[in-house]
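Here's the letter readout for the chains.
Number of protein chains: 2
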Amino acid sequence: MTAPDAYTVEPWGLTETSLDLDVLARAESVFALSNGHVGLRANLDEGEPHGLPGTYLNGVFELRPLPYAEAAYGQPESGQSVINVTNGKIIRLLVDDEPFDLRYGDLSEHQRRLDFRDGMLRRRAEWTSPAGRSVRVTSTRLVSLTQRAVAAIAYEVEPLNGPARIVVQSELVANEQLPAWTGDPRASAVMEAPLVAEQHTHNTDAKALLVHQTRFSGLRVAAAMDHEVDCPADFQGEVESDPDQARYSVTTVLQPGQKLRLVKYIAYGWSAARSLPAVRDQVAAALTAARFTGWDGLVNEQRQYLGDFWKRSDIEIDGDMELQQAIRFALFHVLQAGARTEERAIPAKGLTGPGYDGHCFWDTETFVLPVLTFCLPDAVAQALRWRHSTLPLARERASQLGLAGAVFPWRTIRGEECSGYWPAGTAAFHIGADIARAVERYVRASGDIDFERDFGMEILVETARMWRSLGHHDAEGLFRIDGVTGPDEYSAIADNNMYTNLMAQANLRAAADSATRHLHEAGALGVDTEEMAGWRDAAAAMFLPYDDKLGVHCQSEGFTNHEMWDFDNTPPEKYPLLLHFPYFDLYRKQVVKQADLVLAMQVRGDAFTAEEKARNFAYYERLTVRDSSLSACSQAVIAAEVGHLDLAYDYLAEAALMDLHDLGGNTKDGLHMASLAGACIALTAGFGGLRDHDDHLVFRPRLPSGLSRIAFSMMLRRDSLLYVEITPSHATYELRQGDSMTLMHDEEEVEVVRGRPVSRPIPRPVPLERLHQPPGREPARRHAQSGPNVGSGAEPALHDADL
Amino acid sequence: MTAPDAYTVEPWGLTETSLDLDVLARAESVFALSNGHVGLRANLDEGEPHGLPGTYLNGVFELRPLPYAEAAYGQPESGQSVINVTNGKIIRLLVDDEPFDLRYGDLSEHQRRLDFRDGMLRRRAEWTSPAGRSVRVTSTRLVSLTQRAVAAIAYEVEPLNGPARIVVQSELVANEQLPAWTGDPRASAVMEAPLVAEQHTHNTDAKALLVHQTRFSGLRVAAAMDHEVDCPADFQGEVESDPDQARYSVTTVLQPGQKLRLVKYIAYGWSAARSLPAVRDQVAAALTAARFTGWDGLVNEQRQYLGDFWKRSDIEIDGDMELQQAIRFALFHVLQAGARTEERAIPAKGLTGPGYDGHCFWDTETFVLPVLTFCLPDAVAQALRWRHSTLPLARERASQLGLAGAVFPWRTIRGEECSGYWPAGTAAFHIGADIARAVERYVRASGDIDFERDFGMEILVETARMWRSLGHHDAEGLFRIDGVTGPDEYSAIADNNMYTNLMAQANLRAAADSATRHLHEAGALGVDTEEMAGWRDAAAAMFLPYDDKLGVHCQSEGFTNHEMWDFDNTPPEKYPLLLHFPYFDLYRKQVVKQADLVLAMQVRGDAFTAEEKARNFAYYERLTVRDSSLSACSQAVIAAEVGHLDLAYDYLAEAALMDLHDLGGNTKDGLHMASLAGACIALTAGFGGLRDHDDHLVFRPRLPSGLSRIAFSMMLRRDSLLYVEITPSHATYELRQGDSMTLMHDEEEVEVVRGRPVSRPIPRPVPLERLHQPPGREPARRHAQSGPNVGSGAEPALHDADL
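Residue numbers (full-length UniProt numbering), protein chains in the order written: chain D, 1 to 803; chain Z, 1 to 803.
Treat the hints with care, since some could be wrong.
[What the hints assert, rightly or not] Cβ pair distances, simulated, as ranges: (1) Z:Q400 to D:G776: 19 to 27 Å; (2) Z:D568 to D:E530: 20 to 28 Å; (3) Z:L550 to D:D513: 31 to 39 Å; (4) Z:D568 to D:L768: 53 to 61 Å; (5) D:F216 to Z:Q400: 31 to 39 Å; (6) Z:V766 to D:T516: 57 to 65 Å; (7) D:D378 to Z:G665: 54 to 62 Å; (8) Z:D281 to D:N569: 47 to 55 Å; (9) Z:E611 to D:H520: 55 to 63 Å; (10) Z:S759 to D:L478: 50 to 58 Å; (11) Z:Y546 to D:Y575: 33 to 41 Å; (12) D:D97 to Z:E198: 55 to 63 Å; (13) Z:V23 to D:A524: 50 to 58 Å; (14) D:D378 to Z:D547: 50 to 58 Å.
[Claimed, not checked] Cross-link-like lysine-lysine pairs, in silico, DSBU-like; alpha carbons within 35 Å at most: (15) Z:K589 to D:K613; (16) D:K574 to D:K613; (17) Z:K613 to Z:K574; (18) Z:K549 to D:K549; (19) D:K549 to D:K613; (20) Z:K589 to D:K549; (21) Z:K574 to Z:K589; (22) Z:K549 to Z:K613; (23) D:K549 to Z:K613; (24) Z:K549 to D:K613.
[Stated by the list, open to error] Computed footprint of chain Z on chain D; a stretch qualifies when at least three of its residues, placed anywhere within it, have a C-beta under 8 Å from a C-beta of chain Z: (25) 415–422; (26) 472–483; (27) 581–588.
Honestly, the hints are just simulated from the structure, not real lab data. Each residue gets a CB set at the ideal place from its N, CA and C atoms; glycine is no exception.
Model the full assembly from the supplied sequences, consistent with the hints where possible.
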């Protein structure tokens, strides 16, 4: 966990004012740049020291065997791990004859700043070599959001206290040596030297290219670089390449006041199918286009893209500057993860680190896509088209498991199931309904009926078929889904998990409704009215376990009969529990890793009365330890709904600060994309009270005492932009694009017309007694802590290399 | 599955009249010799061809890493696999210049016979070499039941059709090359060259010795041999040794009618602690003692030992000779597995093969020890003292799992948990109660109060403590045991498994009772009357799930709500189901691999009414596919109890013929010791109606229509021998040793005094409608099949090498 003052508090950026070599890896994740296709961890330009070098291409992975102590039918035999591809970020520096290495000499200043409005990472360092020569190094790095294959770096160096011989080496390095694996199951199985060299070329100018193939997965990866040099003194440039490395060197002698400026253009490409020349040329073309655009052009495109993004996506918070910063940090990284995936998965860590092997889970559909749905709907369509493209694999998996329809993998990069522990993997069938729900949400919000017809409906149909075959009617006619695992990973293989059953119910109905809208196309998928009736019947008969004695719903059938976890005798160092207790013990007791029934009450709020929500929330609150980063945000949403606004605020802050404060201790492996997205959801669905269960958006706004105002925008039906502003007393709805729309404010239907904002009063919150969490697992109190506004709000003046 | 005529049907032996090279491995298991300490598979004397070479020492294993695709707390990191130790059985033969190898030349006769009365394996072969020289080879092999370190072979060769130059090479071979592993999870992970040479010696006479150590488990293993030669012609003997081999060669030229006879004495020893000289000398001493006893002496000891055994253990069957043979085969192998284990485990395969890695499971306490309790009680005490010796490891495991008391391993050789799949391993906590039940049974039958005080009570106490901490009282005061796995391996991690709860109940009560009998010693274990009351209270409050609507007990809570397995659409080739369906699918449906509730009704029959037994049996009969060899015997017992006598007969035959007919297709990996023992139980507890729940033995005898008489003996309180004879109309109880005893015949208390057999009538069985099994999983009909007595009953006259 990071001290809260590791970064300055400011509204539109994140600044690190010194360099802590012990936590380099964490900062490499936090400052990572990505466009969803190319991802660069914030490794120092000079390559070393590093926490974890990382350059990722979405979809590039290596296969590795999944071993088992005891064999069993249906176990995946091989896994997929994201690999560190050719590193194009490296720019090494020699000052006189000493390498610019921050572990040696004297570092008098080191600052890095990520700007959410232009998406650039700026660095400034003043360093004195062991021999006494002082230099100032600045660099500005971007991964283009408009040219998805391209990254670029503007690098400057100037001597400060006398003339210096300067050598700058800009490199491409394949098969970097990586630190050994730590053994934490949440981290990636690092693979050594995954790239086999195919081609290396360089021209006499400043350009070089490396082509490699992965050994087992057979993917071809090309990386190329080109350079522009601006130097007031004579200099010599030289380029060379060998199979795993290319290097462009610039040598000169600078006087104080003289600056060498190097702009490095980097382009990446990969393919599972295309030939060596094809991939090579595709990368060369991207590089040419980038150089044609030029550094200033790339920067301008970036500003423009992000300006548009913030206009429709910004969430404003008054009263808590740190939270304001964290939410924009969150939105920025969610954007980076999803912007340009283009029919590839959005991994749980985005492209910020190798955590979870680079796999995509249900996180994407459940937390990330709901945010993107209302600000970057094209990215949602792309992500769901990727799921659609994996349907053949999902059908094959269903067939292997003896089920109809499609079974999507619990964790994957390309689409094959990569979970090596089935009780917490394959058995978590809810992922099928999570994907279906994302389809339903996207189609409803965007009105993209073409997508529904051509892609969405098939996902809905195949997942509905899966549910119909997975469940069965019991003697009383109830539809049961036995032996599955819900979101809470501290329970597994249980009967009638509420979340799963409710999501399956929605899935079955959505499939029937979609097929009704597209009868012809549904027929082509073999759907007839009998099958549709079967889905609706199963949905109507869905069994939802309830404990009459306690007056609460059961997370799964029988759950509330289980022994309570002995929270009183579980000291803080025993969390997260999964690292200190066996699964058997966790599974059989009442202890909840992450929102499960509470998440059900969020996404299927229509299935619960207000009183049920309040009782359920109070009950499960006592059991939920939040050993997962996928919990606080949902607890925030329901806490807000049932009136515990300060508690909701605490949870919101936890979700938002997950990575900035490194609350899980593993930000080094990559950012928690779902928690970041979840923080945004906690604001809109929690304090905004937004629900999108039905055709009309519903808002039930309310603010905790610490916040004086929040505001957010939502893209709807592609041409409407709704702006929602919430103060303690009023909510104002303003249509900034589009003609008119109908929404619900609490129980009131409200018509909003462009140019005529509508304000409605918000009832004063009723104070409630604080709920109980497991001892020691209470969220940090936000309100008391934040008190008067934290941080000055001033932006530090960072010397930009490019200005 | 073997054709039923692979072996002749005879009452006191098993004869194979030809050699089928395709199923060599199966015969190697069936004809294996063992005394529980040393085990020799029935590999041919000449070593090759072989199915699977095997020489085992109880307790000698190698460690191997247990890999996991996903790490988790509490997973065992290393497993233990039985290893093939130095092979001392090998006697190769050169006839003129051609090796005696049955794959070449012409084999005109090959017969092997295992004699249950003298425990020797005799072989006779007539073979003509490719060059046309005919020889007769006979060998007789024994593993001494009286000298546990010793095996011996008498080997004879004579030319038949002309003079022959004969070379006999008798060997010790370490690190034999083994066939590659097949991938069947039930087989062993074969390890290559597990033995590291430490010492090899030979003297100028005929003696040699090899000492090795295992690489990772650090066990020292010594093997030695000595020889006696009887040759009518001049011969030359020569002995040599190198690190992995020792060889004694005898060379001579024989005329037809002349016989070379070689007696080979083999001795083994191993230790985890003793030094090289100590282990070497221990083996040398055993060898000297064996040679001092001489071949005839060893043979006589063997006859005497087995004569005593059969006197108190034989089960006689009139009306089905094949079954008679199979039951004696079963008793013989159970004896071999348990006779001389001496504080080592009795593995699931005995020492007949490497199946299940040589591990000991709950099979031993649940199936093997109940048989040995009444015929070889010392072996039971030894086996339970082994369990007792592992208590420190079991306490450590309990502590690792967050439990009190002791958690015995699901599978192990030395005592550490070696299961790499916890839902079917660690979660099967019932093993603790199974061990406790074996203690209770042994103490009650033997009256061995010293054992109870010094060993048994501590096992009872530590397992009771485990149950008390594993279960909990729910809001209504019921004691629940959630999230465990019962005997049926097609269900897992379920709440309130009936078998587990009933066995835990018995365990808790037995611990309280034993502590009451030994208050002082219990106090030394920290037991006070409050703790004892806690055990009794938990036992009294034990929750036993019952389905009111169906009127049957639930195998586990909620089980009867699960979907029925689709038996109708499961073709025969899809069995065993575990090789064709994922666990998730099996666990969530009503399909039973092996008797679970039915076994509960056997071992805790006191907890059910007769009507409940009948209804439960009929219900679970429809669900039970018997993909485990641990099922038929229990189904036989309860089928008999509820009056389905012909069905009981079918199941009994299946259990008894498991290996002789290779019903599981894996007899090659070793014999199914529990099924063999279970067949004996099926006779005594099934048709004998024997129950030992309480202080008095209870008999409710009844015979199926195919059998005209059965009779068996039981050792009780060490000095009593009860002989029970059952015909269709009467049961006769005769005390052959001891003064008097009281038993129950049905509901009647019967006093039996020595010399005065008591007869009681048996009610005529009521015909019942045949029950239903899953289609295609019905047991083979025994009665119709057996019809008039199968087999002649004549014993083939086998030429004994030693007579």
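Here is how each hint holds up against the structure:
Taking 19 to 27 Å as the suggested C-beta distance range, the pair Q400 (chain Z) and G776 (chain D) conforms, at roughly 23 Å. The hinted range of 20 to 28 Å is satisfied by D568 (chain Z) and E530 (chain D), whose Cβ atoms lie roughly 22 Å apart. For L550 (chain Z) paired with D513 (chain D), a C-beta distance near 37 Å keeps the hint of 31 to 39 Å intact. The given range of 53 to 61 Å is respected by D568 (chain Z) and L768 (chain D), whose C-beta atoms sit roughly 56 Å from each other.
Hint check: F216 (chain D) to Q400 (chain Z), Cβ distance near 36 Å, so the stated range 31 to 39 Å holds. The given range of 57 to 65 Å is respected by V766 (chain Z) and T516 (chain D), whose C-beta atoms sit roughly 60 Å from each other. Checking the proposed 54 to 62 Å range against D378 (chain D) and G665 (chain Z) shows it holds: the Cβ atoms sit about 57 Å from each other. Between D281 (chain Z) and N569 (chain D) the C-beta distance comes to about 54 Å, which sits within the given range of 47 to 55 Å.
For E611 (chain Z) and H520 (chain D), the Cβ-Cβ distance of about 59 Å falls inside the hinted range of 55 to 63 Å, so the restraint holds. Roughly 57 Å separates the CB atoms of S759 (chain Z) and L478 (chain D), a value that falls within the hinted 50 to 58 Å. Taking the beta carbon of each, Y546 (chain Z) and Y575 (chain D) are about 39 Å apart, inside 33 to 41 Å as hinted. Checked against the hint of 55 to 63 Å, the C-beta distance between D97 (chain D) and E198 (chain Z) comes to roughly 58 Å, which is consistent with it.
Distance hint check: the CB atoms of V23 (chain Z) and A524 (chain D) are about 54 Å apart, consistent with the given range 50 to 58 Å. Restraint check, D378 (chain D) to D547 (chain Z): a C-beta distance of roughly 54 Å satisfies the suggested window 50 to 58 Å. For the proposed pair K589 (chain Z) and K613 (chain D), the alpha carbon gap of about 32 Å is at most 35 Å, so the pair holds. Distance hint between K574 (chain D) and K613 (chain D) is fulfilled; the C-alpha atoms sit about 30 Å from each other, no more than 35 Å.
Between K613 (chain Z) and K574 (chain Z), the direct Cα distance comes to roughly 30 Å. Compliance with the 35 Å bound is thereby established for this hinted pair. A threshold of 35 Å between alpha carbons decides the hint, and for K549 (chain Z) with K549 (chain D) the separation of about 22 Å falls inside it, so the pair holds. Note on K549 (chain D) and K613 (chain D): the hinted pairing holds, with a Cα-Cα distance of about 16 Å set against a maximum of 35 Å. Between the alpha carbons of K589 (chain Z) and K549 (chain D) the distance comes to roughly 28 Å, so the proposed pair stays at or under 35 Å and holds.
Straight-line distance between C-alpha atoms of K574 (chain Z) and K589 (chain Z) comes to about 16 Å, which keeps the hinted pair within the 35 Å bound. The straight-line distance between the Cα atoms of K549 (chain Z) and K613 (chain Z) is roughly 16 Å, inside the 35 Å bound, and the hint therefore holds. Between K549 (chain D) and K613 (chain Z) the alpha-carbon distance is near 32 Å, which keeps this suggested pair within the 35 Å criterion. Note on K549 (chain Z) and K613 (chain D): the hinted pairing holds, with a Cα-Cα distance of about 32 Å set against a maximum of 35 Å.
Closer than 8 Å: that is the beta-carbon criterion, and the stretch 415–422 of chain D has 4 residues meeting it against chain Z, so the requirement of 3 holds. Residues of the stretch 472–483 of chain D lying with their CB closer than 8 Å to a CB of chain Z number 6, which satisfies the three-residue condition for coverage. As drawn, the stretch 581–588 of chain D meets chain Z at 7 residues by the rule of a beta-carbon pair under 8 Å; at three or more, the given contact holds.
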